[in-house]
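Visitor: Below are the chains, spelled out letter by letter.
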Amino acid sequence: MRFLTIMLCALGLAAFDDNTNTANAATQNEQVVNLYSSQQEHLIRPVLVNFTKKTGITVNLTTGGNAELVTRLEYEGENTPADMLLTVDIGNVYQAKDKGLLQVVESEILSGNILAYLRDPEGYWFGITSRARLIFYHKDRVEAHAVQNYADLADDRWKGRVLIRSSNNVYNQSLVASRVAHDGREAALKWAKGLVANMARSPQGGDTDQIKALLAGEGDLAVANSYYYGRLIAGDESVRDPKVAEKIGVIFPDQEGHGTHVNIRGGGVTKYAKNRANAVKLLEYLVQEPAQRFFADANLEYPANLAVKANSAVEAWGEFNRDQLNLEEVGKHQRTAIEVMDEAGWR
Amino acid sequence: MTQLKVQGISHAFDILEVLNDVSFTVEAGELTCLVGPSGCGKSTLLRLIAGLEQTQSGSITLEGEVLSAPAHSVPTRLRRIGLVFQQPSLFPHLTVCENIAFGLHGQPKDRVAAAVEELLAVIGLAERSKAYPHQLSGGQQQRVALARALAPKPRLMLLDEPFANLDHALRCDMREEVLGMLKQTGIPVVMVTHEPEEALIMADKMVLLRADGRVHQYASPQEIYRAPVDAEAAAFFGVINRIGGYVEEGQVVSPLGIWSQSACGVEMTDGSKVDIIVRPESLRLANDADIAATVNEVWATAVGWMTAAKLSGGISVRFMIPYAQGIKPAFGDHVNLHCDGAHIFPA
Amino acid sequence: MIRSKSYISITLAVMIAAPLFIIAAGWVVADKGTFSYYLSNNLISIYALNSAIISMAVSTCALGIGICTAWAVTMLAFPCRGLMEWLLVLPLAMPAYVAAMIYGDVLQGAGPVQSWIRELTGLSYGEYYFPAVHSLGGVVFVLSFTLYPYVYLLARSAFLSQSRQMLECGETLGLTGYSLFTRLALPMARPALVAGMALVAMEALADFGVVALYGVPAFTTGIYRAWQGMYDPVAAARMACILLAMVLFALAIERRARGQASYHNNNALYHPLPRYRLSGIAQLGVLLGCSLPVLLGFIVPLALIMQWSMEHVALFADTSTLQALGNSLLLAILTVAVAITVGLWFAYALRGQIPKAGRWAIRLATAGYAIPGSVIAVGVLLLFILLQQYVLPGGWLLTGSLLGIVWGCVLRFLTVAFQSAETGLGQVMPQMDAVASTLGASGRGILWRVHLPIMQASLLSGMLLVFVDTLKELPATLLLRPFNFDTLAIRTYELAGDELLHRAAPTALLLVAASLLPVWLLNHKMAAAGRGDVP
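Chains as they are written, first to last, in the working numbering: chain A, 2 to 348; chain B, 302 to 648; chain C, 44 to 578.
Don't read these hints as lab results, they were simulated from the structure.
Please note: incorrect hints may appear among the correct ones.
[Stated by the list, open to error] A short, non-exhaustive set of chain B residues, derived as facing chain C with CB atoms under 7 Å:
hint, residue
1, Phe325
2, Ala351
3, Leu353
4, Gln355
5, Ile382
6, Phe386
7, Cys398
8, Gly404
9, Ser430
[Unchecked claim] Partial pick of chain C residues on the chain B-facing surface, computed with a CB cut under 8 Å:
hint, residue
10, Ala346
11, Met349
12, Leu468
13, Met472
14, Gln474
15, Met475
16, Ala484
17, Ser485
In this text the structure is predicted, and so the values were computed from the model without any measurement.
Ideal Cβ placement from N, Cα and C applies to all residues, glycine included.
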């Protein structure tokens with residue numbers, strides 16, 4: 002038993018040693034902000050480093066899965082160390098708000114820079130970047146204008162030719178949720194059933210894999226987020242594939258209708274933030290020029306700040322109409338969307 | 302001086318009584334054998350003496366010091382009692398040398414080395430001192446176990462069927478060897494065995510236990526041989542002839558002859574039945590004898606022909622014809638027998 | 044004294060298993076409708092079926108591979124036998140999700156293999172047959188070839204420890220080659236084989252990475268979906284309970300197999316087994332047969348990670364990468380220390396007299412192996428939140444210390460540590476205790492001077508397995524780590540999750556490299572233990 006006690010002490014010590022920064026920060030009144038982020042470290046850390054350089058505020062970061070972080074925040078309640086939550090996709094942002102984990106922030110900088118439909122009308126959450134869910138086609142096998150709307154994906158013409166990933170994926174959940182929000186549950190279900198019938202293979206892999214499979218001829222149409230395509234034509238050398246640029250075409254769906262479904266990565270200040278002011282500062286920093294530039298270039302997403310241009314490679318695909326429905330509405334229908342997909346047999 | 306004093310020990314596992322009011326003493330330089338049917342608590346008694354089992358009633362005293370009494374127990378490690386099991390139970394991770402030195406832990410190195418060397422010489426394994434147990438034969442392992450128990454100069458040795466796993470020849474050698482070693486040290490010894498021969502050769506005293514855990518007879522082996530308290534005690538030393546008889550006019554009448562009733566030790570009324578025990582070696586051929594018998598079967602043994610013969614009344618008896626006599630009985634031979642002595646008990 | 048010790052054991056077991064109790068409380072708390080939704084849509088039965096198929100198929104395949112290779116390297120003579128003996132252990136160092144990620148990328152329709160086939164034949168996709176890697180079969184393939192070393196290691200020890208006399212006896216009774224193997228060697232090794240198979244079955248049940256990557260609906264993905272998609276931890280907890288029941292069932296089978304298993308001959312003198320000589324072609328066949336699992340389970344994925352790493356060499360020197368390496372090692376060492384201490388404590392508790400409730404508490408506390416890391420993580424998380432609310436106010440416990448992450452890992456891998464402690468303790472005959480105490484050794488003296496040295500080999504094997512497992516552990520570490528605490532597995536997962544496989548390669552490579560030394564030691568120890576060289 003004594004041995005065990007010693008072990009536990011050693012454990013505590015090791016922990017203390019490793020986290021002196023965190024532990025001391027609170028006592029010495031050093032400026033800090035604690036961040037839960039489901040955005041992977043390599044996509045956020047460089048911005049945080051610059052933020053610290055500029056403001057002297059230390060950022061403690063924990064990354065993790067979307068729901069994991071939200072659940073953690075929920076269970077931690079008042080005791081949460083987190084001052085700010087950054088997550089991916091409206092589905093997750095909405096959950097955080099719905100569970101009362103965020104607080105209202107009123108800031109000229111935030112409301113002035115972020116497009117209205119990319120932020121909460123009440124001020125609980127703010128989008129930092131946006132991405133569009135696009136349809137891609139193989140130029141050899143599909144006419145450029147043969148497909149124009151999401152609805153076409155459910156059309157008999159494309160039986161066995163559509164590539165799309167699993168319904169576990171939140172991007173698909175939000176896409177379906179937006180259809181529920183626009184057209185109602187029944188119409189969305191009918192559409193999902195048509196789509197499932199058109200699938201070229203049982204859903205597998207990530208968005209990149211759908212585009213690659215399209216290139217390999219496993220299907221004629223693929224659904225993926227804009228930046229995955231961006232990476233394949235303008236990203237890191239190890240990811241880039243010149244054949245994609247040559248053979249794969251982009252379709253911005255629903256240009257005549259509601260507009261293309263866009264989603265965000267974003268977040269807000271937590272309800273029980275102990276360093277609220279610093280959290281707001283960080284949020285404001287994230288939506289302004291240098292940070293927005295980094296997001297636009299490092300991950301080829303669309304900046305939420307209209308004043309900042311997208312990466313030139315992304316700009317080259319052209320302008321498009323975005324679905325202006327406030328994302329709040331999409332978040333509300335997330336659960337229905339999952340039920341719809343289950344019912345349609347979308348794996 | 303009385304070394305070990307076991308007084309009124311009773312012991313039960315749950316409701317199963319294995320020892321019942323057992324008392325005996327062992328003097329310095331004496332070897333006492335515990336014998337009895339299997340399951341009668343011999344090993345439990347050893348464990349009680351070693352302190353491996355908590356005493357329930359009675360007491361155990363060594364050199365005047367109370368080791369065990371209900372609610373009082375000197376821990377095993379402080380008792381200075383040596384213990385050897387049927388299996389050598391050597392520590393597999395230690396060499397011969399290290400095994401022997403185990404109980405000398407904490408003593409100066411040179412003294413340990415000297416003691417180990419001495420014991421190695423006594424057991425004749427000096428050149429195997431660096432060997433591991435699994436590299437030794439069974440006899441060698443048992444010798445090391447003995448040396449290991451002797452090394453810390455115990456006040457008492459407990460041997461639990463120490464030779465049972467060895468083959469016959471080795472067993473005989475080991476008996477003499479061990480006996481010599483133990484007598485030399487003058488350490489009192491308690492040994493469990495079920496070999497009558499072993500008890501005869503080695504024991505100064507014997508504690509004969511019954512299946513119910515009571516002491517059957519406590520005396521020297523010779524005495525038990527000469528004057529067993531009952532038929533079972535007599536039977537311990539090997540094959541016996543057990544025949545029925547009855548009392549008539551103050552005399553015991555049986556197919557093997559007539560004895561005065563006083564041989565029985567108790568007064569018995571006429572007509573009461575008796576058990577008559579005659580050892581095979583007490584019956585001999587004699588031409589002038591009056592007991593007629595017909596040879597039935599013959600076996601060769603180490604000392605002579607073991608012969609079974611039928612008496613006129615149809616009762617079968619066994620007797621020994623030493624080879625020295627130069628007679629080989631054959632099936633159907635008519636012989637006359639003389640009875641040298643018998644043990645008579647009330648039936 | 045005995046009583047107080049057994050109470051300590053029970054308390055400790057209940058404490059360690061507390062997160063599981065909290066998860067079980069999911070049945071008490073009202074369902075938000077998700078669970079009944081899952082039930083009514085027949086999803087649970089699909090999950091259960093797939094999980095059962097995966098677990099059974101993987102353990103059967105792993106058993107086949109493990110037995111054949113172990114028999115070959117112990118009983119047959121062929122070139123490079125000594126090298127193969129050790130190479131066959133290597134897949135243990137390859138995290139299944141890394142292998143899955145690589146095979147998924149390489150074998151998919153757009154991958155290099157199929158592209159090459161298309162170029163070679165001029166056919167286009169769909170005009171030739173190629174098995175889909177993103178499928179149940181793919182999951183079984185990847186898991187079998189990365190998990191078989193568990194069976195291989197145990198089977199090899201068992202075969203090595205079988206006495207020559209026994210096999211010679213079999214030969215005089217007319218058994219030869221094949222029948223000697225099937226009628227004597229195999230039945231004698233059965234307890235070890237079943238134990239290995241149970242380990243594999245549990246790993247397969249708990250796997251999340253591979254099934255998620257290949258899009259196969261299983262219990263672990265169902266749990267993930269209930270939580271991540273439906274935001275309903277209660278439903279997730281309920282499904283985890285069902286999974287836990289499946290695990291306890293597998294454990295019961297394993298225990299029964301071991302109960303009948305005390306037939307290893309400790310005291311027999313060791314003679315090296317004679318190895319059968321084979322003809323030249325047969326030798327080549329055996330060599331190739333043995334190389335196949337090593338190639339598929341280790342060398343091919345390793346070669347690809349190395350190739351991909353070349354594109355990002357700079358990442359190796361990155362301080363954050365090195366820090367992640369240090370964190371991984373620190374976490375593994377802490378987990379090993381705690382798990383082995385607790386495992387030993389429990390093994391001793393079960394050896395002595397302990398109330399039945401205690402036995403059950405210990406069984407439960409040591410059943411974590413098959414519970415997905417994310418479920419354990421929720422349990423630990425909830426527990427810490429309760430602690431922080433009622434016992435230790437202030438949020439530093441989880442975010443500022445390694446307590447949570449180590450707790451999670453210990454709960455998950457205690458099974459392994461406990462079982463190795465139990466095996467080790469089984470090698471200590473009760474008489475040895477008696478003898479040692481008559482020789483003046485105190486309780487602690489007996490532990491340090493007799494038990495631990497005798498158990499050393501088993502304990503070390505257990506510790507190494509826990510070490511390697513902790514290095515690879517993913518979902519629990521991801522959720523329970525304090526601020527700014529990155530491990531190799533987490534980095535690999537994040538980069539791979541962002542569909543940047545090539546950038547994930549350097550950390551994956553470091554992860555494999557860090558596992559290599561313990562795996563080598565493990566192999567060495569278990570071979571020595573099998574031969575009976577105690578020291």
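Visitor: Does the CB of Ala351 of chain B sit less than 7 Å away from some CB of chain C?
Guide: holds, 6 Å
Visitor: Measuring from the C-beta of Leu468 of chain C to each C-beta in chain B, is the shortest one below 8 Å?
Guide: Where the cut-off is 8 Å and the nearest Cβ of chain B is about 14 Å from Leu468 of chain C, the hint is violated.
Visitor: Once the shortest beta carbon distance from Cys398 of chain B to chain C is found, is it less than 7 Å?
Guide: Interface hint status for Cys398 of chain B: violated (13 Å vs cutoff 7 Å).
Visitor: Let's test the interface hint: is any C-beta of chain C closer than 7 Å to that of Leu353 of chain B?
Guide: holds, 5 Å
Visitor: Should the interface hint for Ala484 of chain C be scored as holding, given a Cβ-Cβ cut-off of 8 Å against chain B?
Guide: Holds, because the Cβ-Cβ distance from Ala484 of chain C to chain B comes to roughly 6 Å (cut-off 8 Å).
Visitor: Min Cβ distance, Met472 of chain C to chain B: is it shorter than 8 Å?
Guide: holds, 6 Å
Visitor: Under the criterion of a CB-CB separation shorter than 7 Å, is Ile382 of chain B in contact with chain C as hinted?
Guide: holds, 6 Å
Visitor: Should the hint that Met475 of chain C touches chain B count as held when the rule is a Cβ pair under 8 Å?
Guide: holds, 5 Å
Visitor: Given a cut of 8 Å on the nearest C-beta pair, is the interface hint for Gln474 of chain C held or broken against chain B?
Guide: holds, 4 Å
Visitor: With a cut-off of 8 Å, does the beta carbon of Ser485 of chain C approach a beta carbon of chain B closely enough for the hint to hold?
Guide: Interface hint status for Ser485 of chain C: holds (6 Å vs cutoff 8 Å).
Visitor: Quick check on Phe386 of chain B please, does its C-beta sit within 7 Å of some C-beta on chain C?
Guide: Check passed: Cβ of Phe386 of chain B comes within 5 Å of chain C, closer than 7 Å.
Visitor: How about Met349 of chain C: closest beta carbon in chain B under 8 Å, or not?
Guide: Cβ of Met349 of chain C sits 41 Å from chain B, so the hint is violated.
The structure does not agree with the numbered hints 1, 4, 7, 9, 10, 11 and 12 stated previously, though it agrees with the rest.
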